[in-house]
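Number of protein chains: 2
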Amino acid sequence: MARQGMMKLGMSMRGLGYHPAAWRHPDVPSDGTLRFEHYAHNAKMAEQGLFDMIFFADGIGLRERDEPRGSLARSGYELVEMEPMTLLPALSVLTKHIGLVTTASTTYNEPYHIARKFATLDLISGGRAGWNIVTSWSEAEAKNFNREEHLEYDTRYERAAEFVEVVKGLWDCWEPDAFAYDKEGGLFYHEDRMHLLNHKGKHFQVRGPLNVAGMPQGRPILVQAGASEQGREIAAETADVVYAAADSVQASKAYYDDVKARMAKYGRDPDELKIMPGVRTIVAATRAEAQAKFDRLQELTDPLVGLARVYAALGDLSGFDIDGPVPEPQREAQVRSATERVMKRARDGNLTIRQLYTQIVGGGFYLIGTAADIADGMQEWYEAGACDGFNVLPPYLPGCVDDFVQYITPELQRRGLFRKAYEGATLRENLGLKMPRNRWAAERAAHSKAAE
Amino acid sequence: MARQGMMKLGMSMRGLGYHPAAWRHPDVPSDGTLRFEHYAHNAKMAEQGLFDMIFFADGIGLRERDEPRGSLARSGYELVEMEPMTLLPALSVLTKHIGLVTTASTTYNEPYHIARKFATLDLISGGRAGWNIVTSWSEAEAKNFNREEHLEYDTRYERAAEFVEVVKGLWDCWEPDAFAYDKEGGLFYHEDRMHLLNHKGKHFQVRGPLNVAGMPQGRPILVQAGASEQGREIAAETADVVYAAADSVQASKAYYDDVKARMAKYGRDPDELKIMPGVRTIVAATRAEAQAKFDRLQELTDPLVGLARVYAALGDLSGFDIDGPVPEPQREAQVRSATERVMKRARDGNLTIRQLYTQIVGGGFYLIGTAADIADGMQEWYEAGACDGFNVLPPYLPGCVDDFVQYITPELQRRGLFRKAYEGATLRENLGLKMPRNRWAAERAAHSKAAE
Numbered sequence: 001m002a003r004q005g006m007m008k009l010g011m012s013m014r015g016l017g018y019h020p021a022a023w024r025h026p027d028v029p030s031d032g033t034l035r036f037e038h039y040a041h042n043a044k045m046a047e048q049g050l051f052d053m054i055f056f057a058d059g060i061g062l063r064e065r066d067e068p069r070g071s072l073a074r075s076g077y078e079l080v081e082m083e084p085m086t087l088l089p090a091l092s093v094l095t096k097h098i099g100l101v102t103t104a105s106t107t108y109n110e111p112y113h114i115a116r117k118f119a120t121l122d123l124i125s126g127g128r129a130g131w132n133i134v135t136s137w138s139e140a141e142a143k144n145f146n147r148e149e150h151l152e153y154d155t156r157y158e159r160a161a162e163f164v165e166v167v168k169g170l171w172d173c174w175e176p177d178a179f180a181y182d183k184e185g186g187l188f189y190h191e192d193r194m195h196l197l198n199h200k201g202k203h204f205q206v207r208g209p210l211n212v213a214g215m216p217q218g219r220p221i222l223v224q225a226g227a228s229e230q231g232r233e234i235a236a237e238t239a240d241v242v243y244a245a246a247d248s249v250q251a252s253k254a255y256y257d258d259v260k261a262r263m264a265k266y267g268r269d270p271d272e273l274k275i276m277p278g279v280r281t282i283v284a285a286t287r288a289e290a291q292a293k294f295d296r297l298q299e300l301t302d303p304l305v306g307l308a309r310v311y312a313a314l315g316d317l318s319g320f321d322i323d324g325p326v327p328e329p330q331r332e333a334q335v336r337s338a339t340e341r342v343m344k345r346a347r348d349g350n351l352t353i354r355q356l357y358t359q360i361v362g363g364g365f366y367l368i369g370t371a372a373d374i375a376d377g378m379q380e381w382y383e384a385g386a387c388d389g390f391n392v393l394p395p396y397l398p399g400c401v402d403d404f405v406q407y408i409t410p411e412l413q414r415r416g417l418f419r420k421a422y423e424g425a426t427l428r429e430n431l432g433l434k435m436p437r438n439r440w441a442a443e444r445a446a447h448s449k450a451a452e
Numbered sequence: 001m002a003r004q005g006m007m008k009l010g011m012s013m014r015g016l017g018y019h020p021a022a023w024r025h026p027d028v029p030s031d032g033t034l035r036f037e038h039y040a041h042n043a044k045m046a047e048q049g050l051f052d053m054i055f056f057a058d059g060i061g062l063r064e065r066d067e068p069r070g071s072l073a074r075s076g077y078e079l080v081e082m083e084p085m086t087l088l089p090a091l092s093v094l095t096k097h098i099g100l101v102t103t104a105s106t107t108y109n110e111p112y113h114i115a116r117k118f119a120t121l122d123l124i125s126g127g128r129a130g131w132n133i134v135t136s137w138s139e140a141e142a143k144n145f146n147r148e149e150h151l152e153y154d155t156r157y158e159r160a161a162e163f164v165e166v167v168k169g170l171w172d173c174w175e176p177d178a179f180a181y182d183k184e185g186g187l188f189y190h191e192d193r194m195h196l197l198n199h200k201g202k203h204f205q206v207r208g209p210l211n212v213a214g215m216p217q218g219r220p221i222l223v224q225a226g227a228s229e230q231g232r233e234i235a236a237e238t239a240d241v242v243y244a245a246a247d248s249v250q251a252s253k254a255y256y257d258d259v260k261a262r263m264a265k266y267g268r269d270p271d272e273l274k275i276m277p278g279v280r281t282i283v284a285a286t287r288a289e290a291q292a293k294f295d296r297l298q299e300l301t302d303p304l305v306g307l308a309r310v311y312a313a314l315g316d317l318s319g320f321d322i323d324g325p326v327p328e329p330q331r332e333a334q335v336r337s338a339t340e341r342v343m344k345r346a347r348d349g350n351l352t353i354r355q356l357y358t359q360i361v362g363g364g365f366y367l368i369g370t371a372a373d374i375a376d377g378m379q380e381w382y383e384a385g386a387c388d389g390f391n392v393l394p395p396y397l398p399g400c401v402d403d404f405v406q407y408i409t410p411e412l413q414r415r416g417l418f419r420k421a422y423e424g425a426t427l428r429e430n431l432g433l434k435m436p437r438n439r440w441a442a443e444r445a446a447h448s449k450a451a452e
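Sequence order for the protein chains is Y and P.
Its first residue numbered 1, the first sequence is counted upward by one per residue in UniProt numbering.
Its first residue numbered 1, the second sequence is counted upward by one per residue in UniProt numbering.
The shape of chain Y in the complex, shown without the other chains (with noise of 0.2 Å):
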């Protein structure tokens, strides 16, 4: 049973792709993180390949740990790179179409900004911001911010929640009509149509109006990556897309299946929402060849780098011969399940230090091969309903974008999976969500309704 309608596609464009060792790629350009042009690049290429948004992750500080001694300097991966929401207003201007999402984090910054720095994206682009919602969980944020360790996960979910429901009463301050501009009468706006928010709450206590009103998109697009119990229920609840983990066909429509039935108690609709897993592309003319430069990329992995990826679970493996095998964990020290899971994967392969941590750098859901093995693989999920599109982590940059677009997406496009066109003029009317309705004017209109 084909499922009808096309797939959505987000291209996940931080840094210099999301392979560790991409810097060293011959045709990456190693300070691309820090050149507008490399980014200008990629977001006109992901346009041109139709895609409906560009995504940026954040992090605001360098959340790896320079251990074993000396790895973060060999490593280049997320170390410097634009700040995105400051990147993504210039990229707005050179492209037409497609969405610009990024991530902020709930934890460290307050609601009147984000609603206020959205919003603003929201009227530059012409209605095509998306706001990635995250609570942070690293310590080397936290240290960027005033504390020593992280808040605790109950503790930033409670602020998420509640910094959500801030942001979306600023945005509906001004109801879409409140505007006047009533030269002759000098009315600038209606006063019954400027609403105070007054929240009083736990974490934050924000007067209002924003000073900011007229969204293209009525308000930004919200997304989320709700993969735990509370997660997917926040998902259900508030978000027009998640970024999804991708596992198996299985699990990832089993995740599909649940999240979707849950929208229904909070009066949605599933198609209000669009799942999209991750998915990590190379492409080549030929099997054998997406093989080799999937091989080529992963032999540029500096051993210390490797070794980095596994200290959380096993400590400090630098004294060994990494082409020997995985020593038994010394018992102080690290988390248990992760190093239990770890050890398994080493034994159950009967790997060498470098064979596991080059298992784990190039780890991910990754489909390697011809456009048709790789649009073969997407059709799959896609059809068995594990998914309403994908999220694609190019390995490198700007080589698997630009790979993507020439041979990808015209095979999703042959096979009917994508669009051949833009259908709409914003983020949301590409997606196919319906626009928002502010609750002061539907309030308004419930009344007038009442009265009659």
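Simulated from the structure, these hints should not be mistaken for laboratory data.
Keep in mind that the hints are not guaranteed to be accurate.
If several chains are the same, the list does not tell them apart, and a pair holds so long as it fits within one copy or across any two.
Straight-line C-alpha distance at most 30 Å; calculated BS3-like pairs for lysine-lysine [said to hold, decoys possible]: (1) K293 with K183; (2) K143 with K168; (3) K143 with K202; (4) K265 with K434; (5) K265 with K420; (6) K96 with K434; (7) K183 with K44; (8) K202 with K183; (9) K44 with K293; (10) K434 with K168; (11) K183 with K200; (12) K265 with K183; (13) K200 with K143; (14) K143 with K434; (15) K202 with K253.
Take the given structure of chain Y and dock chain P to it, following the hints.
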């Protein structure tokens, strides 16, 4: 004695202009502050006029109070507008030379965010970013950020000083030659050229490093508005540009000499700081025409909006005949000094209520006349040593920036007072300011010299 060199010019682009009735002017797009094209036109026009920079003042809330009742809805002034830190990156793409300066509050932000965003803007724009450091004084803003009242003056300044210290420290974390980009050897950066900040102060704890680096200006330009004793001292120590008040040539010269004299004790040359008073210009072919343009703008001031401007000093006068005399203030009403100052003005001028608020609404340093008249005024200030240039505050937009560039810029150029082409590639170069030295690179240089 004619002064050598050229004056510096900034164009302050907030909203629809600096006159509260600007939005009612027939040539002003009253919805302009929500349309990107409005800002884009003004920025491009200012660059055509070779301005050193555009500047956005900013408020994080609606500062004006709705008193007398209904006045806010009739004001159209600083109500809704784009968030400037989101707007400037977009404008940077449409311009090549002009500096991009915006306000950001040290009271309601975190230094890590501010350091990142301005560093990113500097990268995107090729070295044109500037930060106007303010502490935010209004209750309206406090109430959007979890507070009932704004911070006390001393606390705000103490926090601001530490905030700026942290931001500058973050900007220095990576030495300019920190990045090796050595693909062959696998070294991304030189470990000894990245420095944690490890700041632990009264208001902030920030570990660093910043995850952005390589700013073309070394660091963005720092702007302040230091009028108080404390403000003058901070400006003398740290500012690159001061936006100053303008009362009279004499008062401004005294201020100028005072601030510049304070710089020596910080090891700074007077030329390392540019002092730019604000000036409002209305130009036309004849003096009478220019005056008529100004008068027309004044007449567009809505009575309620005018009364709002005297509310803090005199209370609610909306029950009185506005063409009658200004009544004696009710005793319980207001801050005594402001009341006395306003009443003195009313009595001395024998003013009606309407005449009083019209004077106040049209206050500030105006130059009204032909291009020659206005150039005369600017030249007088500049040659008297009362300023290094001006921050132009256009009463309405886009008219006043268009007129400035068309009529006043050529007149200043003809007199040899203003550039005929941009001198440099960065804002720093155009302002004639030195490249700051990274603190760690400077230390390294000092060490290696000592070791010789």
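Violating hint indices (sorted, rising):
Numbers 5, 8, 11, 12, 14 and 15, in rising order.
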